[in-house]
Every structure is written in structure tokens, then in C-alpha cells.
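**Q** Each chain, written out:
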Amino acid sequence: MDKSKNLRETAKTLLSEGAVKSIIGYKKGRFPFYLQPAIIKDPEEAASLVFTPLSRQNLVSFIKKAAKPVGVVVKGCDLRSLVDLLQEHQIGRGDVRIIGVTCAGVLKGDALEHDPRFKPAEIKDVVEDDGRIKVITSSGEFEMPEDSMMEKCRSCSVHAPYLYDDLIGGGEPGKAPGPPAYPGVEEIEKMTPGEKRAFWLDMFSRCIRCNACRQACPLCFCEECVMDEAKPRWVTAEVDPVENLFAHLIRIYHSAGRCVSCGECERACPVGIPLSLLYNKAAKEVNELFGYNPGVDPEAQPAMLTYRLEDPECKSCLGGRNL
Amino acid sequence: MPRIGVFICHCGINIEKTVDTAKVAEAARSFPGVVFAADYKYMCSDPGQNMILDAIREYNLDRIVVGACSPSLHEPTFQACVAKADLNPYFFEMANLREQVSWVTHDREMATEKAIQAVRMAVAKAGKSEPLASQSLPITKKALVIGGGISGIQAALDIAEAGFPVILVEREPSIGGRMAQLDKTFPTLDCSACILTPKMVEAARNPNITIHTYAEVENVAGFIGNFEVTIRKKARSIDMSKCTGCGVCYEKCPVKVPNKFEEGTGERKAIYVPFPQAVPNKPVIDREVCLHFTKGKCGICAKMCPAEAVVYNQEDEVITEKVGAIIVATGFDLFDTKRYEEYAGGAHPDMITSLQFERLINASGPTQGKLRRPSDGKEPETIVFIQCVGSRDDKMGRPYCSRICCMYTAKQTILVREKFPNARIFVFFMDIRTAGKNYEEFCRRAIEDYNAEYIRGRVSKIYPSGDKLIVEGSDTILGRPVEIAADLVVLAAGAEARADAKDLARMLGIQTDQYNFFSEAHAKLRPVETMTGGIFLAGACQFPRDIPDCVASASASAAKALALFGKPELASLPTVAKVDESRCSGCMACLSVCPYSAVTMEEVKNKSGGIREVARVNPGVCQGCGACAAACNAGVIDLLGYTNEQIACQVDAALL
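Protein chains in written order, with our numbering: chain V, 1 to 323; chain L, 1 to 656.
By construction, these hints were calculated from the structure, which means they are not laboratory data.
The beta carbon of each residue, even a glycine, is placed where N, CA and C say it ideally should be.
Some hints could be false.
[Said to hold, decoys possible] The calculated label-pair distances, taken between Cβ atoms and stated as ranges, are: (1) L:83 / V:300: 44 to 52 Å; (2) L:610 / V:42: 17 to 25 Å; (3) L:317 / V:300: 43 to 51 Å; (4) L:53 / V:202: 56 to 64 Å; (5) V:309 / L:552: 54 to 62 Å; (6) V:233 / L:80: 49 to 57 Å; (7) V:309 / L:85: 42 to 50 Å; (8) V:297 / L:304: 23 to 31 Å.
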């Protein structure tokens, strides 16, 4: 099934029938190896929408400012952040039309640039063909290897959305997913505290405090971020490894129990800090401690806002563990 | 720039012996904003307070920092002091140099360094303080008493006598509690029922007291002066307005089950009144055993009732009441003596608990007061009492003394002797604890006049042999083993907290100790108050107590409630949470974590006309716990008096 065609038809109908006032989707960008987010209001603009293995962005990030009711194109993984926004009263269920798309996985940001078989300038199109990703270039067609997909796609359990109003791409609807696989976290956990500190200080020495991670995060919806707050100045804008680490620690604590491991922060980071490792570690801790898997049930009470008698005491349950 | 005065207290030698207070004052003089600093022996004394007042005038101070003891002790003292100088009480800040510094170390040098840091933090916080004011709040002058035993009855009567309405909630079908189960009472040997039932009747007749029996408190919301309580009145299956209490229903009921009131020594029917003097003296149907409910058959009680008062389809009734004070008087449970497996495997018909003994010797009990061996109905000739069963025993997790067992055991030996002049009565004890008016004399009488044979030592084993129970123990005074062939063994079961005490504590927001007894606010100086305003403790729910102590604590808790009701209004807490609505994104995390339902979701208009949802805190309901401020990711909630800015300044000062 041609997902893009299916998507365009659905979007056009929704807009022309007035079911939604705007739709957030993907359209082709300046270069054939990137897609860009598009917010369309006119039924005619639906023709520009596409869904390909380059549909990387989590479009839920744009939902708050769009004209309501808004249709939003979501992959199974993106859906989790939408569920969180529903839980956190950032959008009403009646104000959002969930256009779910079945997805076999999307490419890493640099997968096409570094492939030795072709030059980026030769790329004509990137398509999904029966679960495989194919690059069509002026010098032929190439199948992309599995490791060219984003880390989260390779352990994905939500290829089909489990909550939607429209399902693009056909197939069976998905099941509510279990916790993500938290790829890469185990290797970090094996490090000694000293090694971890050295590793992360090295990583955060790269940070230029551009805040792209925050801007890309679908759950960073605060009217004013505490990192921008002047009174009190919790964290300075100074680019310094310790100050940088502190800024990121604030983000980790603020997203623990909410972060759905969509990977947008890492994708947006211009200096390649493996932020997913940190956020996945926090998500894994919350899941192990409280059995809470965010982004699944819009009616669920988030782990950090609930107290249950059986909640473990951190002292005893984390005592002696190498965090 | 604020003009801050710093005063360092020696607290006699409590602080001074470990902290160089002069050095702390000297260091404080260099802190930003500090224009005056001094140290003194007792800052809380009149001369100490005058020193503060003089310095405010002389140096034109507008912020005061005192480095002394815990704020929970003297913050109000110093707030009142600065208020005398027309400064807002919230311009006062306290650094705890005693509990958090001098009492935790002997290292004078490091303690002094830490004290300087604590004062530096307090100065930084004081520099950012804002004037705060309280609002006045109404008080609902009505009390809720949870538990209708002697403590609850006494507290209810005292409050009602003073002219205020009381709601008395009891989960059993009758009020009366443990005292109703007892035969005679020490040290005067008057009959328990004879002195209790007049009080039960008085409570029932008092127009200021509303009694809900067979009812439980299901939820408590609100705060001191303004609680809202949800009470579930379980379906009694009886129309109380029609029932005359004639008793024909339970005479005819065919179902017999063990009676909880009789501690299992007797039986009751499926429709029953727990004991003859019950208040209200109207039955209740136990739906778990009634044939009508279990098998859909029978219906004899309804057929026999001349008043047509049996209502099988009655439903639970849930009512809400507004009250200003709550008195918790839920009493105690008995230690489960079956846990002592060395005592005849934990159970034997002729081995009974002290409370079963009370029922078996009671004229209204299942044997009409004729004490007989439960196994064969024979008169016991040798009776062994064993004290401290589930008391003073670390292995059982009950290291505490239950306080009442020495006295009731002495009483029980006297009661036995009166029935059986020739019986042999033995008591195994660890120590005899008889501190109380006329208590020691009473116990001596049991030993000397009533010839109870007291043996100091523990019992290691009890086992049946023929129709006897062999009690093996040791006499630690004579240093030799003892073996007694007993007809009846009475175990002085210790008192423990109610099995569901923790649940009630959680519902009320009060604390429990390591044994789940409810905790008082201060062991010595606030013995009947809890840490939650407006909630008081009475009787054995706090710790094992005998009747006189229960009644005393009940009257004390009533006095506390009445002191509250005597006020025209309450001053609300000034240190409440406040949302900066312009920066609130409306995620409502604050609403989820607020334990006082003080947060609501409100719609506000943007300047461009758009509608946004934001959180708002009702300052009259907020109790200043700060949970919302901590939950707010955007940091747009400030706890006044502890604003984010003040805390950030403290952190910065600590990191200097």
C-alpha cells in the first residue's frame, strides 16, 4: 500500500469535511534526504504530504500551537508522547485527530550521507518496500542495511499504532506496547562510577547549550523553562562541563516517568551527545521501581504523581546498586 | 538592601560548648546585608529578646536572623518578638545550631564552621523574605469521635457537656468497647458494666451527641477547624425507627456462630445484639452468615418481628459531616497468643486469653459467670496465669510493656479465689509493675490475702497430659525448675495497635510509631495532640492504657478540642503555595499531589483573548506542605516564606 497516497486522501477528506482545522505531517524538504514538518490548513495542500523512512521527527512537538482541532501524523513511537500530553492536560482528546501510520522504521539522520555506495546528491527518493528501506538514486537502487535505522526502530514493538482515529498503511492495529528496550543502557550501567563520570563529563563538554534537545522534546511544553528563569537563576547559560551537566540533570529529572524514549533530543543534538542513554536510564529506573510505562494509557496516573503503598523505598531497593 | 541583624544563642552551654558562638557572630558581620551581629547566653529569655528589640531600634534593622535551637521550639517566640518592633513576623529567620550542629558532634572547630554556614544560609534566605499575612478562617464547632469505647464515650460526653455537637462513630453494632467485655475492674473491684453502662446511656441520651454504630469513617478531607468526613453506615438490615428491641428475632434465628464479643467463648445468632446492655439495644444482621443472604432461605426473623423492622434490602448509607476537630479513640487489639507455639502448640481449649477469662467469669457471659474448664466443664482446681505473653518479648516484636496485665492478672486471681477458696492459683511473672494509685496495695492483697502464688520466671513449655496441661517453667528466685499440672491456663495477652491502625493514620494524615500506635505531637508536652492540627488522641490507640488513664486522656483530648472551639476564628497559615499563573502550563501535576485538595484548575484569558487552563491554590485550604512546589517542573509555584528564590539563595550560600 502506498502510505503517502493513503495519507493524502485522508488528510484531504478531513480538512475539506471540516473534521480538523489543521494537519501536522511531513513534506519533502530542500534535499531529497530530508523531510520537513508541515502544518497544512488547506485541503489542496494535502497533496504535499508524504510518509517515508525519512519521517523521523516526532510531530507531536508541534501540536500545542496548531489550530484545533488538529490532525497529527504519528508513528507508534510518537503516539506515546501524545498519550503523555493527553495525561498532562496539554490537549483534549476531542481536539486531536490521531492519524496513525504503520511504520517499519526510519533512517538515522546521517545514514544516507555516509553510505559509500552513493553520493547524497544522487538521491532521488527513499521508499519503504515491504518492510525494507530502499534508496533510489541516479546510479541505481540500494537497499539500506538494518543498522542504518534509528536505534529505537531496531528494537521497536509499536510498528502499528495502538490508539488512533485513522490508520494509514493498513494492516492490523497495534497492541499497547510494553516498556521500550532501553538500548545501550546496560553497557553504561556496567561502568564504574568514576568511568561514568568521566564519560558524561566528556560528552557534556561538547554541549554548546543550544537547547535543541529541549526544543525538540514533545514533553517540554512549559510556558517558561526553568533553565531560562532569571529569578532564581537555577542554572547559568555558561558553557562549562559541570554547568552543562547540571542543565541536563534538570531535564532528566523533569522527564523521568514521562519520557517515552522517542529519541528526539538525541536526533536534534548538533554535537552528537547520546542523550537517549540518559533518558532511557531514567525511564528504566522508573519502570523497574514503579512498574510504570509512560505513554500507554491516557487515563493512567503518571508514576511521579502517584503514591501507592507498595511503592518501594528507594533506600532499600537501590541500596548497594551501582546507579 | 535589607538591614539584617544576627543573634547567636549559646543555649546555656548546649550550643556554646561545641560552637564558638562569638566566632559565628564575628563571621556573620561580614555577610552581605548584615549590619549587626551579637551572641548571648539565652536569646529566648526576656533579656535576649530585649537585646533584639533594642538592636532593631538602634540599627534600624528590618530582617532578623537568630541562630539557636529548632524552629519548631522557638520560632513562634522570636516571631512574636520581632512583631513587637512592628516588623512582619516573616522577616524573622532561624538557623538551627543546636539539633543540627552542636548536638551532633563534639568537634568544636568543624561545628563552628558548620554553624557559620548555617547562619550564612539563613541570612541569604532572610534577605529575600517578603512580608506575609494570614487570613481568618471559620471553625466548624462540631467534633468527630472515632471509636465508642470508654475513651470515645468520655471525650464525646465532655465536649457535649460544654455545649458543642459531637458525632460518635463506632464500627461494632454497639458502643462500649473493651470495657464492656470486662468483669470487674481494678483496683476497686467494681463491676465494669455497672460503671460503664450509665455512661453509654448518658451518651445515647445527650442531645448534643449523635451516635453512629455499625459505621466506619471512610474518608477525611480538609484541615483543622474545617474537616469534611465521610462515614459509611453499614446496612444493619433493621429499621431502627421501627425496632423496639424486643429480641424475638434473635431468639428465633436458627444460625449460631462464635460471638466476637465473647472472644469466641460463646455463640450468637446471625441476627444479634452483641451483649445485653448494648447501646443501641437493637439487633443487626450479620449478612455473611444469615441464611437469607447466604442461601436465600429462612426469613424467620422478618416473619417473627412484630414491628416489621427487618429490612433485608437495606443498603449502606454514606453520609458526610463537617467537623472542626477529630478525636481518635480506636482502642487496641489483643496480641495473638497462638504465636507462642511452645504453649501447647499455640492453642488448647483449656488455655485461654485474659479477655476470654473475663467473659467466662462474667455473670452475663456464656457460662453465667461459672468459671469452668472449656474442655470438659469441670471446676478448675489448679489455675496458672502467665504474664507478659506478647509483652516485653523482643522475639515477638513486642519489646514494650503492655502496662495493664500485671494489674488485671492480680484482679483475676482475686476473682478466682472468691469463687474457689481451695483452688491453687499460680502466677508466672517477670516483674510486677503496679505504678498507680492503690495499685501496689491491690496486688499485695492478691498475694497475701488471696494467696495467689507468684513465681518469678518465664514458662518455657506447656503441653497436655491426660486431662491436665503441664506448665514447665523456672523459678528464678529459688533457681529451680517448676512443673505444674494445671486445669486451666490463662495467658495475659499483651495489647497491640489495631490491625488497621496504619490505614486510619494514613486517612487522617497522622503518624504512627514503630508498633503502629498513633504518635503524639510531643511525648511529654503535647501528649494528646497529633502533629496534624485539630486531631487528638484518646485512650489505648496511642499506647496501652488502663481505664483511669484512658478516661484522663479522653478528657484531655476533649479539652484540646474545646480550646479550639472557644476561639472565634482561626488564622490561616501565611506560608502557603502560590502559582504564577502567567507561567503555568496547566499540566496539573500540583493537583495530583496536593493532599488537601487545595488546587483547582481555572481558566484564564491571555491578552490576545485566548483561553488557557492554569492551576490555582486556595490559600485558606493550603497547609503549606510544599508538595506542589516540588512537583512543578516549570518552577512556577512558590511556597511563600520558602520561595524558590529563597531556597536558591540558600543553596548558593551553602556552596560558597
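**Q** Does each hint fit the structure? Answer for all of them.
**A** How the hints compare with the structure:
At roughly 48 Å, the beta carbons of residue 83 of chain L and residue 300 of chain V sit within the given window of 44 to 52 Å. One distance hint, 17 to 25 Å for the beta-carbon pair residue 610 of chain L and residue 42 of chain V, holds here, with the actual separation near 23 Å. The hinted window of 43 to 51 Å between residue 317 of chain L and residue 300 of chain V is violated, with their beta carbons roughly 33 Å apart. For residue 53 of chain L paired with residue 202 of chain V, a C-beta distance near 58 Å keeps the hint of 56 to 64 Å intact.
Checked against the hint of 54 to 62 Å, the pair residue 309 of chain V and residue 552 of chain L fails, with Cβ atoms roughly 35 Å apart. Restraint check, residue 233 of chain V to residue 80 of chain L: a C-beta distance of roughly 35 Å breaks the suggested window 49 to 57 Å. Checked against the given bound of 42 to 50 Å, the beta carbons of residue 309 of chain V and residue 85 of chain L, roughly 49 Å apart, stay inside it. At about 54 Å, the beta-carbon gap between residue 297 of chain V and residue 304 of chain L misses the expected band of 23 to 31 Å.
Hint check: violations occur at hints 3, 5, 6, 8; the rest are consistent with the structure.
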